[in-house]
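*Asks:* The primary structure of each chain is shown beneath.
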Amino acid sequence: MPSTNSRALGSPRGAALSDTDRELLDAIAETLAGLREDADEKWHDIARRLEAAGWEVGWRIGWIAEARRRGVHEQVVGRSRADAFAQLASLALLDDVEGCP
Amino acid sequence: MAYATEVRQWYQEEIARIAEAGLLKQERFIHGIQGAEILVEFPPGSRPRTVINLCANNYLGFSGHPEVIAAARETLESRGYGMSSVRFICGTQDLHRELERRLTDFLETEDTLLFPSCMDANAGVFEALLAEQDVLIADRLVHASIVDGMRLCKAVQDTYKHSDMGHLEEKLVEHQDKRFRMVVTDGVFSMDGDVAKLDEIVMLAEKHRALVCVDDSHATGFMGARGKGTHEACGVLGKIDLITTTLGKALGGASGGCVSGRKELVELCRQRARPYLFSNAVAPAVIGGALKVLELLTRSTERRDVLERNAEEWRRGLVQAGFDVKPGRSPIVPVMLYNARLAQDMARDLFDEGIYVVGFFFPVVPKGQARIRTQVSAAHEQRHLDRGIEAFVKVGKKYGILGKGKRELVEAFGG
Chain A
349 MPSTNSRALG SPRGAALSDT DRELLDAIAE TLAGLREDAD EKWHDIARRL EAAGWEVGWR
409 IGWIAEARRR GVHEQVVGRS RADAFAQLAS LALLDDVEGC P
Chain B
14 MAYATEVRQW YQEEIARIAE AGLLKQERFI HGIQGAEILV EFPPGSRPRT VINLCANNYL
74 GFSGHPEVIA AARETLESRG YGMSSVRFIC GTQDLHRELE RRLTDFLETE DTLLFPSCMD
134 ANAGVFEALL AEQDVLIADR LVHASIVDGM RLCKAVQDTY KHSDMGHLEE KLVEHQDKRF
194 RMVVTDGVFS MDGDVAKLDE IVMLAEKHRA LVCVDDSHAT GFMGARGKGT HEACGVLGKI
254 DLITTTLGKA LGGASGGCVS GRKELVELCR QRARPYLFSN AVAPAVIGGA LKVLELLTRS
314 TERRDVLERN AEEWRRGLVQ AGFDVKPGRS PIVPVMLYNA RLAQDMARDL FDEGIYVVGF
374 FFPVVPKGQA RIRTQVSAAH EQRHLDRGIE AFVKVGKKYG ILGKGKRELV EAFGG
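Here the protein sequences come in this chain order: A and B.
For the first sequence, our numbering gives the first residue as 349, with consecutive numbering after it.
For the second sequence, our numbering gives the first residue as 14, with consecutive numbering after it.
Chain B on its own, in the form it takes in the complex:
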């Protein structure tokens, strides 16, 4: 079918509808290396300006770390630019397997398989392991990629109310007739930054004979005393059957993800997971960078310690200034505003003040839960946090929201 005028028109109108709904995603061009301070061109064509970045997943600041860049460059030189193959044909270098071993050691699991991204890992893992006689029981706020993976799997799909252990147990009891039950949750939830109750989930899973799968993308590298992830933070090392996680956030932020866990489950993913079977291997330079990140993480907990302190200080600063902040212990610190327009306006004003944050509202978060999601990094210095609070206070005063809770904010701006 030719790309006829009416076809073009339909797509143009669809894009216009997205824009009218205020949901058009616009990219901001960063000139330079990802970090605490970045040079941003926005709107397109404008002169780039330096802003403090409070919305990256660069939790440990490894995206621009000199040793990581040097390791990636060295691997680029020694191992080339790309593999031009999927892993199982001729796309596996010794370094791919070495990184899988190192991730296995770091996460304290039995085996690991790399994927092009954690999005791909989540898209492939369930279909590879479960069938129509099984059930997936997911927390209702799991990441979109888990939802996609569930849809690709023939297993019965069910959900439990967010972090509601009573409801999860009801579901586990309800599905006792299934061959296998798998509970699926994020370790740290990306919207609210809250931590899954993995200790309780594991207890329920043992009681009702279920497997547990955790997407720890927003936790690997810094949650827990040695940064191993939510399973370490919750005291359940070795008890999670499957962990999916990413190299695209704290572990250097380039690309790549993995499935790590029970040996047989990982091996079956190697045999069956379609995103693994039909996607190119992760680029050698990314592997080299990730190996260096793991080496640095194993050598010292300094960066995750700094991140923990920064997150505490940032959260405390916002609360003391009078913002309504979601409680938690992760570096995801959502400033609750409840109104989509307010979230957008404040994010724009903060950008004008040199602070790069993004407003999130429905359908990205539930209706009436609009917020600015801030994310702290170990790369942030005291001056970045101080300047950030200063800007938030200035903009907060402009809108008269300081010291106001949910009820007052909704009354003033609507939910």
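Just chain A, same shape as in the assembly:
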């Protein structure tokens, strides 16, 4: 039995879904859920307060890429997945060695 929180849809015109398509659908669902949770507009109050304090406030959806190794955790936000991973690669390279004093 499908849960009340899920719904099966046929792919439009029977198109085969690629991994990217599935990821996109997940992202859309995640975004919709996120926007609904934001409905109380507390975030908007914060944005208004910051603007009143002189901040130029903006927001956009981005990709988070992260990597963990031993005690090190690297996390970046990019405009695209490729951008996020490029940033992550650069950061991780900086962790390759501690270096000599």
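Don't read these hints as lab results, they were simulated from the structure.
Bear in mind the structure is a predicted one, so any value in this text is a computation, not a measurement.
Treat the hints with caution; some may be incorrect.
Residues from chain B that keep clear of chain A, each with C-beta distances beyond 12 angstroms, as calculated [as the list claims (entries may be wrong)]:
1) I46
2) Q47
3) S91
4) G95
5) R110
6) Y173
7) R192
8) F202
9) K276
10) A334
11) E394
12) R396
13) K407
14) K410
15) K417
16) V423
Here are the in silico distance ranges between beta carbons for each label pair [to be verified]:
17) D118/B / G382/A: 58 to 68 angstroms
18) E182/B / E404/A: 27 to 37 angstroms
19) S359/A / D190/B: 52 to 62 angstroms
Facing chain A, from chain B, some residues (calculated, C-beta under 10 angstroms) [stated by the list, open to error]:
20) R153
21) H156
22) F375
In this text, a Cβ means the ideal position worked out from N, Cα and C, and glycines have one as well.
Put chain B on the given structure of chain A with help from the hints.
*Replies:* Just chain B, lined up with the frame of chain A:
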């Protein structure tokens, strides 16, 4: 939150994990003045013994130089012990500004700003000068403090393969859309002792409109014919936009660092660099000592000449004895062993032989690149170098490594 038992236990276990990984740093207590020969208590509680020091950054031997000590003592008497203030409130004596002027003259730059250390200079400089529309492009083997400084800066961060000018140019082309590009490198790299190709870096920076920042901590005072640093050695005096360097190595070895370079960049650091704004001024006695060091350096190149000869002789001696030594022209002479255990064991045996050196292995250096980093000083006399080679040969024979290259060492001991 109280320092509960489970909190204490977590930290104890974390320290135990570091120890289990063989990475626990243990201090050795030096009784007396830093120099070519030092009295060392190790392990703690043991009777101190005299050893030859081949692991200090005391490149010019100024740490214990009588004239430097006298100048520091005199300044201590005349200017007091501390400033009890950051520079911009009431922590700047005339001597601070005088040292900044003297460093500017010595490095042949436009202006200089002192920091509590070069670690602090590197931590503060990028954040003060660059923003999210800019990019930092660093050599992959830059010093840890540059890495920290980059992380504190909002600019895009990128790296190029160590000393790979083709790769650097690719990165400069890739980032042409940025407002400012800044190439960051060490002058002399602390792990391998190799020298950055500053002439080529400057050429690429001019071609692709980039700024150049060099951490010359392991070069100021002795690289180049007059000891001005890597920019002098590479023939690019006046073409480096920013130099960060330290008073904590060749220039007396006490503490303090600086940013030196284009006037506007230095001034912006004075206005914005947080380690400068929120740390105490460098102690007057250190300033007095550093002024004396610069006076001695300007008066004669003798000490950097001695250092150059010592480094050449030490390197030649190790190579002739059959050690695998990283090629180079700096006083950092790494003896390559490739195996962490071997590096640790040899360093311990050398200490027993009266030679103080330290084994470096991952994560301090890349995996499979374990080595003993030796550092030569102008304070070393011929007998120190002779005794050092003798001890290295004795210990090298014990492990059967003389005449063996990387492949044979890795086969015998593992990488």
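*Asks:* Beyond 12 angstroms from every Cβ of chain A: is that where the Cβ of R396/B lies?
*Replies:* Correct as stated: the minimum Cβ-Cβ distance to chain A is 27 angstroms, above 12 angstroms.
*Asks:* Going by Cβ atoms, does F202/B stay more than 12 angstroms from chain A at every point?
*Replies:* violated, 9 angstroms
*Asks:* Holds or violated: is the Cβ of G95/B farther than 12 angstroms from all Cβ atoms of chain A?
*Replies:* Given that every Cβ of chain A is farther than 12 angstroms from that of G95/B, nearest at about 25 angstroms, it holds.
*Asks:* Between E182/B and E404/A, does the C-beta distance stay in 27 to 37 angstroms?
*Replies:* Hint holds: Cβ distance 36 angstroms, inside 27 to 37 angstroms.
*Asks:* Should the label of R192/B as a non-interface residue stand, given a Cβ cut-off of 12 angstroms to chain A?
*Replies:* holds, 17 angstroms
*Asks:* Taking 12 angstroms as the cut and beta carbons as the points, is R110/B off the interface with chain A?
*Replies:* Non-interface label stands for R110/B: nearest chain A Cβ at 29 angstroms, farther than 12 angstroms.
*Asks:* A cut-off of 12 angstroms on Cβ-Cβ distance, and K417/B was said to be off the interface with chain A. Does that hold?
*Replies:* With a cut-off of 12 angstroms, K417/B remains clear of chain A, as the shortest Cβ separation is near 24 angstroms.
*Asks:* Indicate whether the distance between the beta carbons of D118/B and G382/A respects the range 58 to 68 angstroms.
*Replies:* Holds, at about 59 angstroms.
*Asks:* Should the hint that R153/B touches chain A count as held when the rule is a Cβ pair under 10 angstroms?
*Replies:* OK, holds: R153/B within 10 angstroms of chain A, min 6 angstroms.
*Asks:* For A334/B, is the shortest beta carbon distance to chain A beyond 12 angstroms?
*Replies:* Given a closest Cβ separation of 23 angstroms, the condition holds.
*Asks:* Lying within 52 to 62 angstroms: is that true of the beta-carbon distance S359/A to D190/B?
*Replies:* violated, 38 angstroms
*Asks:* Find the nearest Cβ of chain A to the Cβ of I46/B and say whether that gap is larger than 12 angstroms.
*Replies:* holds, 20 angstroms
Checked against the numbered hints above, the structure breaks hints 6, 8, 19 and satisfies the rest.
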